[in-house]
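Engineer: Following the hints, position chain B against chain A.
Keeping their order, the protein sequence lines are chains A and B.
First residue of the first sequence: 0, per numbering that gives the first Met the number 0; consecutive thereafter.
First residue of the second sequence: 0, per numbering that gives the first Met the number 0; consecutive thereafter.
Since the hints were made in silico from the structure, they are not lab data.
Check each hint, because a few of them may be wrong.
[As the list claims (entries may be wrong)] Once the Cα atoms are required to be at most 27 angstroms apart in a straight line, the calculated DSS-like pairs of lysine-lysine come out as:
no., chain 1, residue 1, chain 2, residue 2
1, B, 80, B, 67
2, B, 27, B, 37
3, B, 37, A, 43
4, B, 69, B, 57
5, B, 113, B, 101
6, B, 101, B, 87
7, B, 35, B, 22
8, A, 43, B, 22
9, A, 43, B, 35
10, A, 43, B, 27
[Unchecked claim] Covered stretches of chain A, going by a simulated chain B footprint (3 or more residues, C-beta under 8 angstroms):
no., region
11, 5-16
12, 20-26
13, 37-47
14, 53-59
15, 97-107
16, 112-120
Cβ atoms here follow ideal geometry from the backbone N, Cα and C, with glycine treated the same way.
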Amino acid sequence: MIISPDNIVLWQWGQFSLNATIVFTWLVMALLTLTSWLVTRNLKSTTEISQWQNLLEVLVTGIHDQIRQLSHQEPGRFLPFVGSLFLYIAMANLLNVIPGYMAPTGSLSTTTALAICVFVAVPLFGITREGPLNYLKHYIRPTWLMLPFNLIGEVSRTLALAVRLYGNIMSGTVIVAILLSLTPYFFPVVMQLLGLLTGMIQAYIFAVLAMVYIASATTAHEASQDIKKETESKPDN
Amino acid sequence: MAIDWITVSAQIINFLILVWLLKRFLYKPVIRAMNKRKQTIAERLNQAREREREAKQKIQLYQVKAGKLKNARDRILDDAKLEAAKQKKQLLELARAELHEKLDLWQRQVVEEKQEFMTSLRARASENIQAIARKALHDLADAELENQVVNTFIKQLKTVDKKTRKSLSEASEPLTIASAFELSASLRDRLSNAINEHLCPGIEVNYTESPELLCGIELSRGGHRLSWNLVNYLDELNNNIEQAFSSIAPAREEA
Numbered sequence: 000m001i002i003s004p005d006n007i008v009l010w011q012w013g014q015f016s017l018n019a020t021i022v023f024t025w026l027v028m029a030l031l032t033l034t035s036w037l038v039t040r041n042l043k044s045t046t047e048i049s050q051w052q053n054l055l056e057v058l059v060t061g062i063h064d065q066i067r068q069l070s071h072q073e074p075g076r077f078l079p080f081v082g083s084l085f086l087y088i089a090m091a092n093l094l095n096v097i098p099g100y101m102a103p104t105g106s107l108s109t110t111t112a113l114a115i116c117v118f119v120a121v122p123l124f125g126i127t128r129e130g131p132l133n134y135l136k137h138y139i140r141p142t143w144l145m146l147p148f149n150l151i152g153e154v155s156r157t158l159a160l161a162v163r164l165y166g167n168i169m170s171g172t173v174i175v176a177i178l179l180s181l182t183p184y185f186f187p188v189v190m191q192l193l194g195l196l197t198g199m200i201q202a203y204i205f206a207v208l209a210m211v212y213i214a215s216a217t218t219a220h221e222a223s224q225d226i227k228k229e230t231e232s233k234p235d236n
Numbered sequence: 000m001a002i003d004w005i006t007v008s009a010q011i012i013n014f015l016i017l018v019w020l021l022k023r024f025l026y027k028p029v030i031r032a033m034n035k036r037k038q039t040i041a042e043r044l045n046q047a048r049e050r051e052r053e054a055k056q057k058i059q060l061y062q063v064k065a066g067k068l069k070n071a072r073d074r075i076l077d078d079a080k081l082e083a084a085k086q087k088k089q090l091l092e093l094a095r096a097e098l099h100e101k102l103d104l105w106q107r108q109v110v111e112e113k114q115e116f117m118t119s120l121r122a123r124a125s126e127n128i129q130a131i132a133r134k135a136l137h138d139l140a141d142a143e144l145e146n147q148v149v150n151t152f153i154k155q156l157k158t159v160d161k162k163t164r165k166s167l168s169e170a171s172e173p174l175t176i177a178s179a180f181e182l183s184a185s186l187r188d189r190l191s192n193a194i195n196e197h198l199c200p201g202i203e204v205n206y207t208e209s210p211e212l213l214c215g216i217e218l219s220r221g222g223h224r225l226s227w228n229l230v231n232y233l234d235e236l237n238n239n240i241e242q243a244f245s246s247i248a249p250a251r252e253e254a
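This is chain A alone, in the form it adopts within the complex (with noise of 0.2 angstroms):
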């Protein structure tokens, strides 16, 4: 049972393989790149609107509610980040419905890929705020005997959110898969159902946590800075 669709060779080129798992993300890249760009070719700023241009308007500015919530910060610059990890897999695992598609999210090359995405993201958008000497002394706080803990913390938890998002896509498949083979009529499509819930809370959750790592590296900067604001002028009193 092919249970990855990485396992699935459309076209090899020597050491290069094209795999179903990069086909079916340029397709769900294709479908999210072609319905934006279909919709917003003719956005219009007046209050009447047509019904693809404020599904997309609920979707944007719903994902920008949520940015902001979480970080408490002006989302506009983890916007197209954190929204574009959400619509990507919750649009890869939506297809899932269609026979002969396999969500590339089952394949832990991707949700690899992504977490090590976020595994970047994270001091990257630390370091772009706070500069490279700030926000790598987070490492060593509370005392630099931390940093091991940290640095096992940091690649744990992406590990975690790769694996949490694989073990849960790939063991839908499996299921589906395993009753298929079992019971063939009922179950199958309930657990389909399931599947897509499944598929879109695995969405909102990596999104979320993405944007909580994020968010607790930016956060956590501002507010050592302001008790070291607050130590500095504690002396004056």
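Structural biologist: Showing chain B alone in chain A's frame:
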């Protein structure tokens, strides 16, 4: 559960491309459109507030104008009422004067008609009385009216005072007897005898007819006159009728 690192790197690139594409085609245009709409709505709200402020100013302006108009209307209305009262008074006075004038005219006409009526009544009464008296005398006493008139006149001649008798007898003019009816020869003789006997002895008497004497008889000489006719009776009748009219007139005025 193997990780294909080539796929991982490809997926990282794919995701970064997707981030760029969505930023280019989704987030930026949508947020720009929403911001523009927000700005448009804010501008419209400002315009609406501005218009509301202008509208309030206009309302105040119109309220002031309405107040002024109301005052002007009240003033014009008061003036019109005063003018109307004045005109009413003038018209009433005019109507009253006209009424008085018409009343005077009417009263004059009534007086004239009354006079005409009385004159006509007098003429008709004279004729009728004359006819009735004649008929009554004839029916009751088998006597002629002319005879009775002459008898009455002769009785009157007998009772003439001295002064009148003297002035009549001393006058140089001829003595004339005028009567409303034609006197017969016997009556003329009786009259002539009575005049010669009681007034002027031996005088010649001329006889004429004069219908306006109203069934009477008149003796005249040199501006002196003696007569008997129905004028006195008719005057009494006139007086009675006028009294009857005057008793009706106040009752009408009271009504």
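Engineer: Run every hint past the structure and note whether it holds.
Structural biologist: Each hint, compared with the structure:
| no. | hint | verdict |
| --- | --- | --- |
| 1 | B:80 with B:67 | 20 angstroms, holds |
| 2 | B:27 with B:37 | 15 angstroms, holds |
| 3 | B:37 with A:43 | 12 angstroms, holds |
| 4 | B:69 with B:57 | 18 angstroms, holds |
| 5 | B:113 with B:101 | 17 angstroms, holds |
| 6 | B:101 with B:87 | 20 angstroms, holds |
| 7 | B:35 with B:22 | 18 angstroms, holds |
| 8 | A:43 with B:22 | 18 angstroms, holds |
| 9 | A:43 with B:35 | 9 angstroms, holds |
| 10 | A:43 with B:27 | 14 angstroms, holds |
| 11 | 5-16 | holds (count 4) |
| 12 | 20-26 | holds (count 4) |
| 13 | 37-47 | holds (count 6) |
| 14 | 53-59 | holds (count 3) |
| 15 | 97-107 | holds (count 3) |
| 16 | 112-120 | holds (count 4) |
Going through the hint list in order, the structure satisfies each hint without exception.
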